[in-house]
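What follows is each chain in one-letter form.
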Amino acid sequence: MIEGKRYDKIMSEFKSEFPTIDLSFYDGCVFLDGQLDDYEQIVTAGYLAARLKSEGVVNRIKLTNYIEPKMRTAPIVDKTHDGQHCDVLIIGAGIIGCAIARELSKYNLNTIVVEKENDVALHASSRNDGVIHIGIDLKTSTLKHHYLRKSVPLYQSMCEELNVPYVNRGQLVLFPQRSLRPLMFLFNRMAKKRHIQAGEVWNRKRLLEEEPNVGEVARFGMFFPEGATICPYETVIALAEHAIENGVRFFMNTAVLDMEVNGGRISKVMTNRGNIYPRYVVNAAGTFSDKIAAMAKDQTFTIHPRKGIEAILDKKAKARAASRSVSMYRGSSERKKDHTKGGGIIPTADGNVLIGPTAFETPERENFETDSASIKALFAKHHDTLPHIAPSDVITYFAGIRAATYEEDFVIKTGKWTKNIIHAAGIQSPGLTAAPGIAIDIVKFIEQLEGVPLPINKNYQRRRRAGQPLAKLDDATRESAIKQNPDFGHIVCRCEEISRGEIIDALHRPLVVATLDGVKRRVRAGMGRCQGGFCGPLVTQIIHEELQMPYKEIYKKGYGPIILKATKDDAYEAL
Amino acid sequence: MKRYDIVIIGGGPAGIAAAIKASASKKAILLIEREARLGGILKQCIHDGFGLSRYKEKLSGPEYAEREIEKLASSNIEIKLLTFVSKIIKTDNGYQLSLITRQGIEQIVALKLILATGCRERTGKQVAIHGTNPSGMLTAGSAQYYMNILGQMPMKRTVILGSGDIGLIMARRITLEGGTVVGVYEIKREPSGLTRNLIQCLDDFNIPLFLSKTVTRVFGHDRLSGVQVMKVDEKMTPIQGTEEYIECDSLILSVGLIPENEIAETLSVPLNQATKGPFVDQGMETLIDGIYSCGNALHVSDVADMVSETGELAAESASIENHGNRNLVQIKYNKSISYVVPSHIDFTKPLDKIICYFRSAACLTNQILKVVADGVLIKSIKYKQVRPPEMERLFVNLSNIPIPNTIEFSLEEVA
Amino acid sequence: MKQIVCIVCPNSCHLQIDEKTYQVTGQLCSHGIAYAKQELIDPKRTLTSSVKTIYKSHPIVSVRTDGEISKSIIPQVLTALRQIVIDKPLPRGSVIIDNVSDSGINIITTTTLDGE
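Protein chains in written order, with numbering that gives the first Met the number 0: chain B, 0 to 574; chain A, 0 to 414; chain Z, 0 to 115.
Any given hint could turn out to be false.
[As the list claims (entries may be wrong)] With a straight-line Cα cutoff of 30 angstroms, these simulated DSSO-like cross-link-like pairs (lysine-lysine) come out: (1) A/K155 x Z/K51; (2) Z/K19 x A/K70; (3) A/K383 x A/K369; (4) A/K89 x B/K315; (5) A/K383 x A/K79; (6) B/K564 x A/K155.
[To be verified] Non-contacting residues of chain Z with respect to chain A, defined by C-beta distances greater than 12 angstroms in every case (computed): (7) C8; (8) I40; (9) R63.
Honestly, the hints are just simulated from the structure, not real lab data. Remember, predicted model here, so these are calculated numbers, not experimental data. Cβ coordinates follow ideal geometry from the N, Cα and C atoms, glycine included.
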């Protein structure tokens, strides 16, 4: 924590700006209590308290007249998992939870992952731009920087083992003013310090040769050859499947509701599907990670959710966009305003163009609603970068919520007061990039807490058993697959060229999620230009036939049925 | 590698009609269809109104399709079902197609192509519907598949966005199967469907039609629980303050059809922005020699009979050996016309009975259509009323004039 | 005076029919006169619908009336259709309800059911 004059200054600033708020200290952390009428004010109070650089800010200020929505859980209450014992219980199956699960599967431990949704990666992990960042703008003192550096060298080989795409296209930053040119040498110094390959400076002429669609405003650019994109949900599904293949169990639709903590240890974790008895708990619960920490009586941080909206453009817009990730340089004052790098226009690993994200504070932890003003704002924001893409190119849009702490950094540490919890929380960008490195450290922490080396899983299979989308294979391989199984030659999703065989396979994988969206995320059926208009009913039919599920129990997502009744169920009532 | 004179891609009504006509030519013809049965979208269009001109009967979609398919049975053409065109490239001796089938991958060569690839539906995200992403939002065609092929209802209480024919047809179908249609909302000031459908599908069941309104937001996390509708201004922009919440469990989207021309674009066939289909001459030949377009891929028609007709025109034209360069004159049209098909006249092709289709740009009454070539009046027709949703068809004879520099269609008010 | 829009052809003539004299005005052809009279006395429509089958590969088969029936009997016809389950292959045009509700009109299938 800071001391002396700086401490006094912040404390007096706090007292004058938030006279009704109680700021207290306990065991190295700052606690804020009270009530305010405006959510933005609550966030500002948190940021101000964070400047004290304590061990963490626990912001318990209430918002007047606001009743926090109940956390969404599956409409199931039973005892399916009651009495389960395990060595490690991972809470949350986003990229962090699944990366940790996969890392733990290398050891002979009884590991369980609980996830409240019916599939992995349904929150931030599937709602992002898939960028593997180089992190040139990260302060080297942060955990964000530390874990990014640790993870980047591991990423490509991890993707190879998982058999998921890793597309290295590099990152291009555009600069609007010639006067910033001398700063380029500073950037390369920053790059060198962070072990990032130096960027090439491109003058306007070279810029136009490489990326002819960049706007007039871009006077020159800096191209960093490292930097890649992955398909985020595909990667998380692969991590989960690989973990399952190596012995980890995933309990879906299972939400942690409370915990029993005795003598500084979690002894029991209560879920909607029974009580679980873990020796260690890993908190990878995203926007709910502070709540989990509180249940474990170990909350030293607070999540203030920050929402962002992104849009996906038709593959045809590629010709008017760029072949690399492009963004416009934002000065540090601009970045401080909303704590994001500003996003950009990114060619995704699947061949679409993604534009985004926006950033705004919200008290809601899982409200993924989009709005038209945000899409307009996106295009306005990036208009100077690539002026030839337009809202008419948009085929779909989505929202994500960052699990930001007031320190704006990751929380990767063992419990302060509760001895058997390990936090992998406060994950925001570059969370996707930092996942492999974080997973390795979490396992190290567990080993340290155990006091002895963890037993190795001698049967660990390094490569995940998975196929590639057939449409991407060479003809000879594809032909032989079809000869073995004619269903691979029967195209069902014609926009993305996905076969019946691949859809059926998706229903027999290590983690079966028999919903339209679950199939979509695994094989891309429904992600093309018609957005499932043709193949949606066909996939529903396949799920019905293949798994013998009645139509009324087949959902699009979560617990949303597609079919409400059969055509001859109700009578027509003459008006 | 097997070679064909003509390959028809798409076995819906356009492709089938093209195949029947082409089979008369004794050339090597192949009809490719990605589904297990021919018929295209007609298989799920169980309502009637098909075949009024082609069969002088009021048939349902499946009947119309089966009648057409039966004519194919006696022909010599080869049909490949469950066959998907994965790649198509132009080579020196024609077009090489990569076909994916249950037996493997097959390469074939075609001298000429007839593209009968139909159309797809516009999605909710393409009309800026925001909010959550729940189950219960379906395009009308998807809902129609669930109801008419699988016998399942994806709704109990629905709002329909779009007063085009397919939305109106679904309004009736849903009501007859015991569902409730709260209302049909149309963003334009005028309804989009055929008048007979407005009467038979909405008035008959007291289903209200709201004009100048659109759905802007949906609610419900896993399943739709309601929608927000708003009034729009003349530019079709939602007016702040007019938000209205409607409780429902389903939103059916009937917000437009988009011709499917991925293959045409791959082959650099120029597309007409007005129709979203290729530019074609009176023989349905696109601006790329040897590639023909027909059916809804060419322009979205209102009735299957006209779709079949364009298939026949394409096949007739494709069956003729080419005699060197075409002589194309583009058809111009005035502001009262939305588009004319064909977009060009080829003066090396037959000119005496040219079939032209056009749509008016607005609902107009007491109009006269004039076809003028280099200032000479070729044809004039009076119309008591014209509406954009009701496509008009006429014959034009350009055989008695020297090749003109300009051809113009104009729709004007009768003096 | 009742206002009726004729749906026989795309002209969609706006007709007026006197409810006492049955005099029709606004028509462009004789079909309009007949249509307006029928609409006033006993509106008739064709009905298209579906019936269940026992076949998983073809769960329902589409049907229609082979002529127009009075709107007033549509609810009864729909009720009758709900009771039917087709359990054998049928060619297109097969009669599944003969002379429905004594109307002289049959319900016929409009798709061939091959029972595969």
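Structure-based check of all given hints:
Under the criterion of a C-alpha separation no larger than 30 angstroms, the hint pairing A/K155 with Z/K51 is consistent with the structure, at around 19 angstroms. A hinted pair counts as satisfied when its Cα atoms are at most 30 angstroms apart, and Z/K19 with A/K70 does not qualify at roughly 50 angstroms. Proposed proximity of A/K383 and A/K369 is supported: the alpha carbons are some 15 angstroms apart, at most 30 angstroms. Simply put, A/K89 and B/K315 have alpha-carbon atoms about 20 angstroms apart, close enough for the 30 angstroms limit, and the pair holds.
Straight-line distance between C-alpha atoms of A/K383 and A/K79 comes to about 46 angstroms, which puts the hinted pair past the 30 angstroms bound. With a CA separation close to 8 angstroms, the supplied pair B/K564 and A/K155 stays within the 30 angstroms bound. Taking the minimum C-beta to C-beta distance to chain A, about 9 angstroms, the non-interface status of Z/C8 is violated against the 12 angstroms cut. The non-interface label for Z/I40 is consistent with chain A: the shortest C-beta to C-beta separation is roughly 16 angstroms, beyond 12 angstroms.
The non-interface label for Z/R63 is inconsistent with chain A: the shortest C-beta to C-beta separation is roughly 5 angstroms, within 12 angstroms.
Checked against the numbered hints given earlier, this structure breaks hints 2, 5, 7, 9; the rest are met.
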